[in-house]
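2 protein chains.
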Amino acid sequence: MTNKVHVGLLGLGTVGGGVFKTIRSNRERIRLRTGADVEITRILVRDMEKERHLDVAAELLTLNREDLLGDERITVFIEVMGGLEPARTIITEALRSGRHVITANKELMAKHGAQLLEEAAANGVHLLFEGSVAGGIPIIHLLQGYLTANRVYAISGILNGTCNYILTEMAKTGREYAAILQDAQELGYAEADPASDVEGHDAAYKLAILTNLAYDARVNVEGIERQGITELRAADIALAEGFGYRVKLVGTSREQDGTAQLSVRPRLLPLSHPLAGIDDVFNAVTIEADVVGELTFIGRGAGEFPTASAVLEDLTKLLQGESAIRRPAWRSCPDESRSAAVCGNFYLAFDGPGEDAVVQELNLLEAALAKAGAAVADRRLLEDGSVWRHAWLIGGVTEQELRAVLAPCLQTADLAAKYLLLPVDGPLAAGVEWKAETSHHEVSVTYPRAL
Amino acid sequence: MTNKVHVGLLGLGTVGGGVFKTIRSNRERIRLRTGADVEITRILVRDMEKERHLDVAAELLTLNREDLLGDERITVFIEVMGGLEPARTIITEALRSGRHVITANKELMAKHGAQLLEEAAANGVHLLFEGSVAGGIPIIHLLQGYLTANRVYAISGILNGTCNYILTEMAKTGREYAAILQDAQELGYAEADPASDVEGHDAAYKLAILTNLAYDARVNVEGIERQGITELRAADIALAEGFGYRVKLVGTSREQDGTAQLSVRPRLLPLSHPLAGIDDVFNAVTIEADVVGELTFIGRGAGEFPTASAVLEDLTKLLQGESAIRRPAWRSCPDESRSAAVCGNFYLAFDGPGEDAVVQELNLLEAALAKAGAAVADRRLLEDGSVWRHAWLIGGVTEQELRAVLAPCLQTADLAAKYLLLPVDGPLAAGVEWKAETSHHEVSVTYPRAL
Numbered sequence: 362m363t364n365k366v367h368v369g370l371l372g373l374g375t376v377g378g379g380v381f382k383t384i385r386s387n388r389e390r391i392r393l394r395t396g397a398d399v400e401i402t403r404i405l406v407r408d409m410e411k412e413r414h415l416d417v418a419a420e421l422l423t424l425n426r427e428d429l430l431g432d433e434r435i436t437v438f439i440e441v442m443g444g445l446e447p448a449r450t451i452i453t454e455a456l457r458s459g460r461h462v463i464t465a466n467k468e469l470m471a472k473h474g475a476q477l478l479e480e481a482a483a484n485g486v487h488l489l490f491e492g493s494v495a496g497g498i499p500i501i502h503l504l505q506g507y508l509t510a511n512r513v514y515a516i517s518g519i520l521n522g523t524c525n526y527i528l529t530e531m532a533k534t535g536r537e538y539a540a541i542l543q544d545a546q547e548l549g550y551a552e553a554d555p556a557s558d559v560e561g562h563d564a565a566y567k568l569a570i571l572t573n574l575a576y577d578a579r580v581n582v583e584g585i586e587r588q589g590i591t592e593l594r595a596a597d598i599a600l601a602e603g604f605g606y607r608v609k610l611v612g613t614s615r616e617q618d619g620t621a622q623l624s625v626r627p628r629l630l631p632l633s634h635p636l637a638g639i640d641d642v643f644n645a646v647t648i649e650a651d652v653v654g655e656l657t658f659i660g661r662g663a664g665e666f667p668t669a670s671a672v673l674e675d676l677t678k679l680l681q682g683e684s685a686i687r688r689p690a691w692r693s694c695p696d697e698s699r700s701a702a703v704c705g706n707f708y709l710a711f712d713g714p715g716e717d718a719v720v721q722e723l724n725l726l727e728a729a730l731a732k733a734g735a736a737v738a739d740r741r742l743l744e745d746g747s748v749w750r751h752a753w754l755i756g757g758v759t760e761q762e763l764r765a766v767l768a769p770c771l772q773t774a775d776l777a778a779k780y781l782l783l784p785v786d787g788p789l790a791a792g793v794e795w796k797a798e799t800s801h802h803e804v805s806v807t808y809p810r811a812l
Numbered sequence: 362m363t364n365k366v367h368v369g370l371l372g373l374g375t376v377g378g379g380v381f382k383t384i385r386s387n388r389e390r391i392r393l394r395t396g397a398d399v400e401i402t403r404i405l406v407r408d409m410e411k412e413r414h415l416d417v418a419a420e421l422l423t424l425n426r427e428d429l430l431g432d433e434r435i436t437v438f439i440e441v442m443g444g445l446e447p448a449r450t451i452i453t454e455a456l457r458s459g460r461h462v463i464t465a466n467k468e469l470m471a472k473h474g475a476q477l478l479e480e481a482a483a484n485g486v487h488l489l490f491e492g493s494v495a496g497g498i499p500i501i502h503l504l505q506g507y508l509t510a511n512r513v514y515a516i517s518g519i520l521n522g523t524c525n526y527i528l529t530e531m532a533k534t535g536r537e538y539a540a541i542l543q544d545a546q547e548l549g550y551a552e553a554d555p556a557s558d559v560e561g562h563d564a565a566y567k568l569a570i571l572t573n574l575a576y577d578a579r580v581n582v583e584g585i586e587r588q589g590i591t592e593l594r595a596a597d598i599a600l601a602e603g604f605g606y607r608v609k610l611v612g613t614s615r616e617q618d619g620t621a622q623l624s625v626r627p628r629l630l631p632l633s634h635p636l637a638g639i640d641d642v643f644n645a646v647t648i649e650a651d652v653v654g655e656l657t658f659i660g661r662g663a664g665e666f667p668t669a670s671a672v673l674e675d676l677t678k679l680l681q682g683e684s685a686i687r688r689p690a691w692r693s694c695p696d697e698s699r700s701a702a703v704c705g706n707f708y709l710a711f712d713g714p715g716e717d718a719v720v721q722e723l724n725l726l727e728a729a730l731a732k733a734g735a736a737v738a739d740r741r742l743l744e745d746g747s748v749w750r751h752a753w754l755i756g757g758v759t760e761q762e763l764r765a766v767l768a769p770c771l772q773t774a775d776l777a778a779k780y781l782l783l784p785v786d787g788p789l790a791a792g793v794e795w796k797a798e799t800s801h802h803e804v805s806v807t808y809p810r811a812l
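Line by line, the protein sequences are chains A and B.
Numbering of the first sequence is given in this note's numbering, commencing with residue 362 and proceeding in unit increments.
Numbering of the second sequence is given in this note's numbering, commencing with residue 362 and proceeding in unit increments.
FYI, nobody ran anything at the bench for these hints, they're computed from the structure.
Among these hints, one or two may not hold up.
A pair holds if it fits inside one copy or across any two, identical chains being indistinguishable in the list.
[Said to hold, decoys possible] Lysine to aspartate or glutamate pairs mimicking DMTMM-like chemistry, simulated, CA-CA at most 20 Å apart:
1) 382 - 651
2) 365 - 446
3) 472 - 416
4) 779 - 762
5) 732 - 760
6) 382 - 655
7) 411 - 586
8) 365 - 762
Every value quoted in this text rests on a predicted model; they were computed, and no experiment measured them.
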């Protein structure tokens, strides 16, 4: 007995095209495994004339959402248009009219997931969103349907393929951010407007969704500490490599005493860190749980097929019936505190003249750091065009304290007031030793030393 | 409403102790999340007097299986005793008497899984076995309950923590296999009788289970191509590193045209390979599927808590009811063919005197290889005690052809007839270029060159 299932597809961009092609190529396998014959019955697009390189019948396409919502045969909607509106309105209407919805929309789920999930539950239908985080990695399936006896207390991940591609290329080629971004745009790895990716919004949406599922916590996505990759220079990547670290944009989330601390920032990872070797457009998620310990999942984070795979696996769950699906708990959470209050290690970089010209200012800065209880573990210097890039590894201090020391010290004529501050994660890189509470005379100064 | 669930525990070794402790520590969380209050009601042990470092009441322990099978309150059995008998008989009786069974027994599942799963289905109960493969990595959950729209066609994995620990230590310290095995035994990472681990049986059992699930195929575990790590010398690890490769014991399984090819062998992996950086007792599994591409899962592969986690997650599935569980397809499969018939790249090592003493023999060997269409991409030499270890990277030949050439050539007085042959996986290490069908004069010979 084959049961025909009519699907309405919302959006026919990169992911939509992947969903369309994969349903066509894998239709028979899905039928054999679930008993359902899936047909894409109607497709909502923004532009009828766009060239799509898809073998899609023109009569499937429509500009009018009512052609889908009003089609009683359609029982499942797949939303791959992205953005808040009109996606939110259409999904809400679909749920209210008793249709299941599968979405890959991270912004929508991060900002309005709780409300939409309530809407689905109230109408006795499902809202599934595996495709919204980390492409083909089944991390939502695992957080929702596994690790029930475990308590997950930390998540860290490389969640944005665009940023990871740019950082990987900067490290490989030594070229600057802007040039590589342009390449990435030409290759289709970055949007024409890259802000959501490179400023960390996209990773923050995904981190919020994972945090919601992992700790049963509701996260205010606007409150997530966030630092993009736009201020990173090739010199910083090279200096960090010299210290023994890779720079990656990492989302971190940690639950402690009922509070969730979230941040999305470029971080220095020692080469032995499980995320340090994740290159190009790959994504990876590491979770820490009380019984199982550390688990890491790696896969392609974006692109038409990995995300289409996630969407299709949500679809096969629906086709296998209610029993294959769990409704996520998605509760409210106390205010998250900022990691600025936590003692840690940092990479500090600023522009200035070569050391000889500012030796007094550098000594003053180091003295001020020592006075605040901070230790300088290592210093490096790299000529970068017309300026020198000064890089210091600083430990044993909170970010707040560190920033309080830095502001006045770097407000001099000879050192750029604008500095870059990135967290450095343990375990320590070979040769780096953090010395807390040391005076600046005892610090192992390797500076000045060009790479 | 709390529902009391009585569990019978079969075995109280390392994993059994982890299960016992974790059920105790996480009982309240399991109750909150599943509504079931889990109690370990009786424990089958082999020795009542053994010192266990566990806070376990003496009256829970028994030497008599009938004390568990005859206890009508017990509805779930957890089998963590290992080995074929008496585990097989007790599990069969438990299933026949209408009890669910959770097992971490890879040998039993690999050899008799099909029959036991049929027994479970016939009696309307479940047999779950997440703990049998890769410790805490939820690979069975993913192969069984996910990737329905995808076709998985390849699996590769580091599936034995003991071997991975030994190989990692050999690489780090340069010490020989036997000395590190002894350390591993003292640390509890290796059994007193290490044969099942170091000869690759354990990894073969796990590979067979994954293959069964991934391709709906039944595997004859005795037929799996298998090479252990006992013949590897520290010199081989160092020579492989010199060529740009890591040596790992890897289980590989590939489905092609309805045939599954399985092997467990030490392989040379280039540093960029996703499994090359998996060290110590960690396990990792990479699967390749048609839509999602490559997915890699990493976690602790053994030890009391990772495996206990897998067992407990199986238990919470049972507690959440029938709907959380899928019955695996576990079908028969055509004969598997051997990879010996596939053209590939190889690491060849043999003992001999230094090059000058055997230059003629080596030239004859290279000429014979060239005649067979094989290319020697690189050669290295390392003094190893009283002999020299000769290592060659050879490409463009099947293993069968290669062995046919090697046997007569190395049967000389001056070159050890016993050689080591390991597969080398792509992508190529930096500096290595395979030249097929080259004559020995055109080969890029870097030999003789000590590391």
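Each hint, compared with the structure:
Only between protomers do residue 382 and residue 651 lie at most 20 Å apart by alpha-carbon distance; the minimum there is 12 Å, versus 41 Å within a single protomer. In this homomeric assembly, residue 365 and residue 446 never come within 20 Å of each other (Cα to Cα): the closest approach is 30 Å inside a single copy and 48 Å across copies. For a Cα distance limit of 20 Å, the shortest separation of residue 472 from residue 416 qualifies neither inside one copy, at 35 Å, nor across copies, at 47 Å. Taking CA atoms no more than 20 Å apart as the test, residue 779 paired with residue 762 passes inside one copy only; the shortest distance there is 17 Å, against 65 Å between copies.
In this assembly of identical chains, the alpha carbons of residue 732 and residue 760 lie at most 20 Å apart only when taken from the same copy (15 Å versus 67 Å across copies). In this assembly of identical chains, residue 382 and residue 655 lie within 20 Å of each other by CA distance solely across copies; the values are 19 Å between and 36 Å within a copy. Taking identical chains as interchangeable, the C-alpha atoms of residue 411 and residue 586 are never at most 20 Å apart, the minima being 38 Å within one chain and 53 Å between chains. Proximity of residue 365 and residue 762 under a CA criterion of 20 Å is satisfied in neither setting, with 63 Å inside one chain copy and 53 Å between copies.
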